[in-house]
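Trainee: If you read the sequences in order, they're chains A and B.
What the first sequence shows, in our numbering, is residues 270 to 800, in sequence order.
What the second sequence shows, in our numbering, is residues 2 to 275, in sequence order.
If you are wondering where the hints come from, they were derived from the structure by calculation, not from laboratory data.
Do not rely on the hints blindly, as some may be mistaken.
What the hints assert, rightly or not - Example chain A residues on the side facing chain B (calculated, C-beta under 7 Å, incomplete):
no., residue
1, Cys348
2, Arg351
3, Leu595
4, Arg621
5, Asp630
6, Ser634
7, Glu647
8, Pro648
9, Leu652
To be verified - Between beta-carbon pairs, the in silico distance windows are:
no., chain 1, residue 1, chain 2, residue 2, range
10, B, Val213, A, Ser387, 55 to 63 Å
11, B, Pro219, A, Pro323, 57 to 65 Å
12, B, Leu26, A, Ser343, 52 to 60 Å
13, A, Pro658, B, Ala177, 50 to 58 Å
14, B, Glu105, A, Thr522, 35 to 43 Å
15, A, His682, B, Val129, 48 to 56 Å
16, A, Thr451, B, Arg178, 36 to 44 Å
17, A, His682, B, Val251, 56 to 64 Å
18, A, Arg528, B, Arg178, 35 to 43 Å
19, A, Arg528, B, Ala177, 55 to 63 Å
20, B, Gly246, A, Gly349, 51 to 59 Å
21, B, Pro186, A, Gly349, 30 to 38 Å
22, B, Glu105, A, Leu735, 44 to 52 Å
Said to hold, decoys possible - Pairs of lysine-lysine, DSBU-like flavour, derived with a Cα cap of 30 Å:
no., chain 1, residue 1, chain 2, residue 2
23, A, Lys510, A, Lys492
24, B, Lys174, A, Lys664
25, A, Lys671, B, Lys174
We put the beta carbon where it would ideally sit given N, CA and C, even for glycine.
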Amino acid sequence: MALLEIENLRVTIGATPILNGLSLSLEPGQVLGVVGESGSGKSMTALSILGLSPQGAQTTGAIRFDDQDLTRLSETELCGVRGARIGMVFQEPMTALNPVMTIGDQVAEVVRLHQGGSRAKALEIARQALERVGLPAERFPLGRYPHELSGGQRQRVAIAIAIVLSPRLIIADEPTTALDVTTQAQILELLRRLVREDGAALILVSHDLAVVAGLADHVAVMKDGRIVETGETSALFSELKHPYTRALAADATRVPVRRGHPASSAQPVLEAENVVRDYPGPRRFLRATIPFRAVSEVSLAIRPGEIVGLVGESGCGKSTLLRTLLALETPQGGQVRLSGQPFSPASPRALRRHIQVVFQDPHGSFDPRWTVERLVAEPLHLLNDRPSPADRRRKVEAALAKVGLPAQAADRHPHQFSGGQRQRIAIARALIVEPSVIALDEAVSALDVTVRAEVLDLLAGLSDELGLAYLFVSHDMGVVRGLTDRVLVMKAGRIIEEGPTAEVFANPQHPYTAQLIAATPDLDRALAARG
Amino acid sequence: MSAPRHSASLAVGAAISAVFVVAALGSLAWTPYDVATFDIAHRLRGPSAGHWFGADHFGRDTLSMILVGARNALAVSLVAVLLGAGVGVPAGLLAAARRGWIDELVMRSNDVVFAFPSLILAILLTAVLGPGAINAVIAIGVFNIPVFARLTRGSALSLWTRDYVLAARTAGKGTARISFEHILPGLFSILIVQATLQFSLGIIAEAGLSYVGLGVQPPAASWGKMLADAQTLIGVAPLQAIFPGLAIVVTVLGLNLLGDGLRDRLDPRLDEER
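Just chain A, same shape as in the assembly:
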């Protein structure tokens, strides 16, 4: 007897089909992984089960849960199902909690909503739920507010809300995507334990095959609003029957091909020497503030054509170090040298052309009102003699050609491009002034596996062709392992380990590095572990 059975589910918004006849079934206590690229309809499936599809969406088909068709329930009846019989965990722990309610009240709210009873009784149940998700009373009293917790701790609160009434089904939509790798490993472990203890079924929606392979009994692969392949996890990954699944698995583990590794004796293009960056601490009345040291005596050197990875968890000082290396901020101590010359915010514009940057967010990196031509041409501002309009156009087209985009792309606006194409445009913008080093700040983190593999190939090819050096900042150990020559591991503002990538991964010296590597989801390892 299936706990959940979805039959021929179709969801359209306006004239756009989002789900095209999706069918799946889930046994009690089973963990189903739903994987697919963005836009494949994964999240819409999760939302449809709860009757939370966006306004204006037309839904047909049946969603049977415990022999009740959820699509036929009224909003009031659905409210009785949500939270009580189906729990939900969302991706973003920062926005999933109410910032002005204590964590105790937020968990207790669910209890009182569905079971009534006194506040004290509800808080007691909330306390137990928080204990279960690893937030013990002595360190996390019920009166804590979400902003006092880290991202991982907030996600634990969100999970406590989902499990407090022991629902028979939990839906987790990318529950660890916004978290650091070590936190991700802990949250996945927590979900695994809770599901086993309660015998609840879990639908785990994720873009990450390795995460799904590590947790799910069954996997459903989605594409264009339907399930293209489904099966028992080990069998599905060992057979890879459907070409799309095969492509996904291949892209997830692909290593970009690089030709030459440069000699390490050349003069470094970018150097940092004992760089220190302090931020003023919180203002205190009539007393000196205690500065916060974000970057502490960091030294590094990047040689021509070299790809150097910088890894570390959020808050470790990566971004601050990057902004200092880009001379957007002045260090309190030490020095940055670009092409052998001191580089600071006061340096002449012409020096700046030697370093360019590509950011993480393909949506936020471009002024939405500008055309691609104007955007890509923006760094030409750095040149002492600016090109004429015709010359400018030629340069933009050449840069676009290098990243594999047609010349006509120059006349369009950024929103007309997909995430991967926008990231190509960002690379074109960096290339136009012919820099010797490009800083890539989580440049492929927001991309789907297939697109990510393509962009990584492009980056590797450009480095070979133009002798470009990269500083590749990332939290994704898998990508860093595939692309970089050397890796720097950063923790609490310091570089704690550095060395050739292969050596560091094979034989990490610092326990933190070993921890990072072990926590990184890995498809082969996950499959080997299930035997």
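Guided by the hints, dock chain B onto chain A, whose structure is given.
Mentor: Then chain B, alone, in the frame of chain A:
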């Protein structure tokens, strides 16, 4: 999205605002009667074929006075909004771009202006400087400055954290250049909405000032002055108070609807999607 309601308020607001502007500009070229001419024979007449809205206690045509009043309300509020935006927007941009003591100076000056009840201070200002349209503009405009400065600074601060601004900085552009190339164009939509709302507040403020005799001076007509004149005669000729009152209410309602409609249409959060 509940698009129909939004576009309805936008359409109604735009229509009322258009009538207001056409009436105001049209009165420059033609009004049914000259508002400076007394016609005692027709004093306090009710609506008729000759005087659609009747005539006041001096026998002046009420419709003509409302048209001329629209012109004065438009002129005063428009210039006041331009004054407020002209000073406030650059101040807000500067505060957001430079931070530090400049930011403190701009924002604390705003706080000082905000600390006074605006209409009372406007009355004080015009009482000191003398009544008249120009002084009314200054008095109303001064209070528009902090509104625009705060809005500009707040929104600009969030734009300054965008990656594309960082990209512009790595392209060697200075704060002034980034403010004008990236920040200001990003603020246009919210500034237009705010300008519309300040404009309607300006109309109320102008009516208030001329009601107490400190706005546009006779013989020029003003809605507030018309209300004040009609007040004493409310038992005899109630319509004389109703027409200018309606003019104020309908115009302000129309501008607010237009502002709300524009806000829905130009919501910066939808900006990225388009």
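Trainee: Next, verify each hint and record whether it holds.
Mentor: Evaluated hints:
1. Cys348: Where the cut-off is 7 Å and the nearest Cβ of chain B is about 22 Å from Cys348(A), the hint is violated.
2. Arg351: violated (23 Å)
3. Leu595: holds (6 Å)
4. Arg621: holds (5 Å)
5. Asp630: At about 6 Å, which falls below the 7 Å cut-off, the nearest Cβ of chain B leaves the hint on Asp630(A) intact, so it holds.
6. Ser634: holds (4 Å)
7. Glu647: holds (5 Å)
8. Pro648: holds (4 Å)
9. Leu652: violated (9 Å)
10. Val213(B) x Ser387(A): 55 to 63 Å: holds (59 Å)
11. Pro219(B) x Pro323(A): 57 to 65 Å: holds (58 Å)
12. Leu26(B) x Ser343(A): 52 to 60 Å: holds (55 Å)
13. Pro658(A) x Ala177(B): 50 to 58 Å: violated (23 Å)
14. Glu105(B) x Thr522(A): 35 to 43 Å: Violated - the Cβ-Cβ distance for Glu105(B) and Thr522(A), about 54 Å, lies outside 35 to 43 Å.
15. His682(A) x Val129(B): 48 to 56 Å: Given range 48 to 56 Å: holds, Cβ gap about 52 Å.
16. Thr451(A) x Arg178(B): 36 to 44 Å: Since the Cβ atoms of Thr451(A) and Arg178(B) sit about 42 Å apart, the hinted range of 36 to 44 Å holds.
17. His682(A) x Val251(B): 56 to 64 Å: This hint is violated: roughly 40 Å between Cβ atoms.
18. Arg528(A) x Arg178(B): 35 to 43 Å: holds (40 Å)
19. Arg528(A) x Ala177(B): 55 to 63 Å: 44 Å Cβ-Cβ, so the 55 to 63 Å window is violated.
20. Gly246(B) x Gly349(A): 51 to 59 Å: holds (52 Å)
21. Pro186(B) x Gly349(A): 30 to 38 Å: For Pro186(B) and Gly349(A) the Cβ distance comes to about 49 Å; the hint is violated.
22. Glu105(B) x Leu735(A): 44 to 52 Å: For Leu735(A) against Glu105(B), whose Cβ atoms are near 47 Å apart, the range 44 to 52 Å holds.
23. Lys510(A) x Lys492(A): With Cα atoms ~15 Å apart, Lys510(A) and Lys492(A) stay inside 30 Å; holds.
24. Lys174(B) x Lys664(A): holds (19 Å)
25. Lys671(A) x Lys174(B): Holds, because 25 Å separates the two Cα atoms, which is no more than 30 Å.
The structure is inconsistent with the numbered hints 1, 2, 9, 13, 14, 17, 19 and 21, although it conforms to all the rest.
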